[in-house]
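This is what each chain is made of:
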Amino acid sequence: MPDWQKPRHEARRVDWTRRSVLRAFSALGLLAIPATVMAASPGLPPLRFGLTPVFLDSDTELLGALERYLTGRLARPVALVKRRTYQEITTLLLTGQVDAAWICGFPFVQFRDQLSLVAVPVYRSRPLYQSYVIVQAGDAAADLDGARGHVHAFSDPDSNSGFLVTRYLLATRKETPASFFRRSFFTYGHRNVVRAVASGLAQSGSVDGYVWDVMAETEPTLVAGTRVLHRSEWLGFPPIACLAGRRDSPEIHSLQKALLAMPEDPVGQEVLRTLRLDGFDTAAPSLFDEIAAMSDFVKAHA
Amino acid sequence: MNRLPPLRAWPLTVKVPLLVAALMAMVGTAASYSVLTRLTADQEAHLRQLSAAHLDALAVALQPHVARQDVWETFDVLDRVRRRDGGETTRLLIVTLPDASVLAATDPKDFPVGTTLPPELRSRLEPSADLVIDDERRLAWFHRPIGSGATVIGHVLSEIDIAPLIAVRRDVLGTLLAVNGGLIVLFAAVGYAVVGRLLRPLGILDEYVERVRAGAVEPIPRRFIAEERNEFGRLFHRFNAMARAVAEREALATRLADEEKLALLGRLASGMAHEVNNPLGGMLTAVDTLKRHGSDDAVRQRSAALLERGLRGIGNVVRAALVAYKEPVGAAEMSPEDLDDLRYLIAHEAQRRHITLAWENRLAGPMAVDGAAVRQMALNLLLNACRASPPGATVTMTADASDDGVRVTIRDEGPGIPAEMAGLLRSKATAPLPQGGRGLGLWTVARLLDRVGGEVEVGVGAEGGTTVTLSIPFLERRRTYAAA
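Protein chains in written order, with numbering that gives the first Met the number 0: chain Y, 0 to 301; chain U, 0 to 483.
One chain only, chain Y, in its complex shape:
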């Protein structure tokens, strides 16, 4: 073979490789995908990851980025499963229909003997958040007692910040939502609580403080119609959990690794930036002891 032919042959090989890489990149939409992506086997069953409607209802870009990140990291397809209520996701998780799910602290403590923690989001350097009771911006109420007789919007009956905290506060006053509020209803979404209060449909609402703070940045006009009336203690941030029996399975391990490594990856950074989170961390179940205590108190005084 003449020498002059060699570079040509090698050039062709390089060309092929570059084209395949480009094709993979274009399919994934990003250039900085780790090499494991190319090893993704379509033969493996997808990892099913449940999401509760925290506030990302309509954020398809965020969901796409999250799916891309996890798919790339786990080297297998990832199916993001969304349902309208917390209860549906919890049920899917408990019955093994999803492998892991981002659930609320309240369902976690309700089923803590069946569930294990995979990771906990870190928000403003801590795995903690608050629950807010909000009212309309012009409302004269000075504290929670000022909300008596209101039409009140809860987020979800299985939400800690959007239901349990307020229910606990009322129980300490020997009240129930039915006795304290003129009327209450569930919106099945923290963003919807803000919408309900801002529009005047409800005079007050129970909302995730983290969601409200993020919305104050992303939707200032909507949030401007509301005002925080009461802030709760700092409580355990909604965690990613799996069935206790599958805690040691390799896919859960990979998932945990992927979540913890999110800040090191450009796509992961994009996801975190959108969510306004610092990253994910491991945590002991004791992080949710306060929520468990509130749940127990409410049950005892129901």
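In short, the hints are calculated from the structure, not lab data.
Treat the numbers as computed from the prediction; the structure is a model and nothing was measured.
Quick reminder that beta carbons are idealized off the backbone N, C-alpha and C, glycines included.
Incorrect hints may have been included.
[What the hints assert, rightly or not] Ranges of calculated distance between the beta carbons of each label pair, as one might list FRET restraints:
id : chain 1 : residue 1 : chain 2 : residue 2 : range
1  : U       : 33        : Y       : 218       : 49 to 55 angstroms
2  : Y       : 280       : U       : 55        : 52 to 58 angstroms
3  : Y       : 59        : U       : 33        : 53 to 59 angstroms
4  : Y       : 94        : U       : 55        : 38 to 44 angstroms
5  : Y       : 248       : U       : 51        : 54 to 60 angstroms
6  : U       : 51        : Y       : 253       : 54 to 60 angstroms
Start from chain Y and add chain U according to the hints.
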């Protein structure tokens, strides 16, 4: 401010365009009304169809949420629908339960959850209240029951902004008004022009008739007649024929008046010949006497004086006749002697009838009046007075001057002037020419009197006797009057 004349007195050029404009306005109003009525009906039908389609779909979508009385989901649906619409047409959407309490509304601050709908809106939910329109508030309401079959689990009510529909109607009305208004003005203007053109011959005719009334009889010029080949053309021809007849009659009357003057002299001719002849015998005798006894100084003196008197008498008569015959009409002055001359003309007539003339001429000097006219009038009246008076009677002529004219009075002792003759005298030349020559003299006096602008008074005494007084203004004064 002047009051408008009554409608019937308005000129046709105004009345006809006004009538056309009024008819156009009525037609325009009727057409506009029917267009707007039809447009309103169409808009209402469209609104009903659109609202029905909109709310039917909404009612189906809302049904499961209303069945669960899910405040949030109901609100969410309403809110999304309103956002998609942009709140431009659908101002408000309310879902109520069968007890008329609000489950959710797009404007929850005005219609809070759980409160009862205000009675005004509640009445919009009646099955009979299909589409309720309030043009004044520019709103409409439409509702649909929610539920399947006969089971009604709630209502959805929409409040619709119909301001755009009303704006369209207003635009259409504006266009109609502008078009109709324009047409009315156009038709009125065209009507004005057409009627004005049609009636122009009447204006021409009116002008020439007015000239006739003012005394200038002129035919309508040919160029006007050439333009009108219709009824007006015939009318113009007839007017011109009439104008020619009037002009001819006027010329005839003038000629008659002149001839009457000659006739007057003719009537006086024999008397005048007598006046000339009378002194001739004495004068011939005087010539004889001079031939025979011319050497005697006294005889010569006496004969010469006689001759002189005779010749002067003849001279007077001839001069008076010549003046009466030749004097130009329109002389600007009359001396007292001009009037006194008349005595020579009627002296024989008076003598023949044994009538005494009482002559009292108080005029002090020349008077600024038309002497020829005054003399002809006075002569006519004196002759009439002599003729009317019985033998032995006295005919009086008095002339004097006042500040503004000359007054000549002629009085007789006759039986009194007949009423129709007195009327002829006062007629100021408007009376027709007397038939059969009777009264021609008085008719001439009336014409002349009118020409000099004088007045006449005719008086008949209780025991007969007629007094005719002519008042003739000075010429300057007449001019002043005319100017004033």
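Task: Unmet hints by their number, sorted upward, for this structure - done: The structure breaks none of the hints.
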